[in-house]
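K.L.:
Spelled out from the first residue to the last, the chains are:
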Amino acid sequence: MKFFAFDPITAIALAVIGGYLTLVFGAESKEGSIASVTKNIFKAGVTKLDESMQNYIEEKDEEMLEKMKAVKRTGARGEVKPIKKVEKETYEIDM
Amino acid sequence: MKEEGERKIRSDKKVDVKPTLSIELKNSLYTFSYLCNEPVKDVAEKLCLDGAVSKVVIDDICKWFRRSYQYNNVIAVGDADRPKLKINYSSQTSKVTIRFKREDYDLICNLAHALDLTPTSTAALLIRVSLRNIEFMQQYCTKHLMDLSNERKKKIDVFLNELWGLIKK
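First to last, the protein sequences are chains R and E.
For the first sequence, my numbering begins at 56 and goes up steadily by one.
For the second sequence, my numbering begins at 70 and goes up steadily by one.
Here chain E stands alone, though its shape is the one from the complex (with noise of 0.2 Å):
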């Protein structure tokens, strides 16, 4: 029974994740978002979710899966014989905020079994998955940032371009 007084919960309730990336990876989201021109909860919950259904980088990660995982009706196969995957960290690191609605996070959660990882940690490996992998970057430029000047584009383009090592600094 509720007790009078307490507030009741929203159905449709977010659930908090807060990913530890190492600082030179949360400069990059930092930066892709500003130049995106959205919140960096918003962009790192896009590349998690559009992430966890892509092709190229499920078949980037399915090497480390150690059980099945289903996307797309399409079946990534595991072998749980695998070794688990160890996430190294560089010294300094620091974490992120995500919000992912309750489906979303069921996702999540789903590629964190594949992976024999927690959510967190999956939403983390998501992310940095996600940011290198050219091909993903292309198709999420497509889809997310067409409506941004011409002059934005250029600058993502170069920024990105520098991300992957293709233009040195």
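In isolation and in its complexed conformation, chain R is listed as follows (with noise of 0.2 Å):
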């Protein structure tokens, strides 16, 4: 079988060097075409997805800190535990 006089490797091969090339020059001379608007999409993507991941982040730091606050309340809740007293143990008696 035979794509415009190639066979179908050599074929793939020039669609995917065709296709690249029209993506990284064709974007940068012609605004509007399909390259461009392709580009756009992928950078609007990037960009929501930084966004959506710095949310993500922030929303856990706060959770977080949420977590550490309420450990801290209900540690013996919020009291101050007394520190037992250890019996030092003596080696001397008194008759």
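Hints are supplied without guarantee of correctness; some may be wrong.
[To be verified] Chain E regions said to be covered by chain R (calculated; three or more residues, Cβ under 8 Å):
#: 1; stretch: 88-101
#: 2; stretch: 144-153
#: 3; stretch: 157-165
Bear in mind the hints are in silico, worked out from the structure with no lab data behind them.
From the three backbone atoms N, C-alpha and C, an ideal C-beta is built for every residue, glycine too.
Join the two chains, each given in its own frame, into one complex according to the hints.
P.N.:
Shown next, in the form of structure tokens:
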């Protein structure tokens, strides 16, 4: 089987290279071309992803902070635990 | 060879132990023996022997064991790294005489070995710890003093409570 006098592998390779060149160089030169639109969509996607990541990190941060506060609050109900006085072993006895 | 005229030594000869006690402790022991209607040496002997195999007393003194001590199929583990127990006497001291049977003396010697003290000091320590131990004295009274009259038992109760500081003199 032949595609424009090329065998299938060569045809696919040429299509891939052609597509890549169109995306890279076509976006620079022509506003509104398919490549440019794709690039803008890609850029917007990345920006959105970045934003959502940032939000996620901030949310997690707040969540962790809340958790820390909760631990502090629940720990001994905010009261300072009295330290148990350990009796020192004495090796003397008064008769 | 035995020389002629030399007396034969009894096979069950008792061993004299004369522990040094503070005057206050000796007074307490004398008062207690008076209330029990028994000689001091008998009361002191009983306190020592019962104390040497009493769980409550051994629990009290096992913190000073430098070697292991076995009693009633129980082993109290000692630690050679512990410092030796130092017995402090008040300015006025006095001695009491106790006469132990050979096997009882061996028991005291075993305890003395565990405490790294002399048998005499161990006897003194046993009297001191036993008399001050509420649980032990309750067991002692139940074991030895049930034949006494109620009035005498009450007096002993008052005396022991005073000794333990539960009632102010």
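K.L.:
Are the hints correct? Go through all of them and say.
P.N.:
Going through the hints against the structure:
1. Remark: the stretch 88-101 of chain E is confirmed as covered by chain R, as 4 of its residues place a Cβ nearer than 8 Å to a Cβ of that chain, reaching the required three.
2. Beta-carbon proximity to chain R at under 8 Å applies to 3 residues in the stretch 144-153 of chain E; the threshold of 3 is reached and the given coverage holds.
3. Residues of the stretch 157-165 of chain E lying with their CB closer than 8 Å to a CB of chain R number 4, which satisfies the three-residue condition for coverage.
Every hint from the earlier list agrees with this structure, and none is contradicted.
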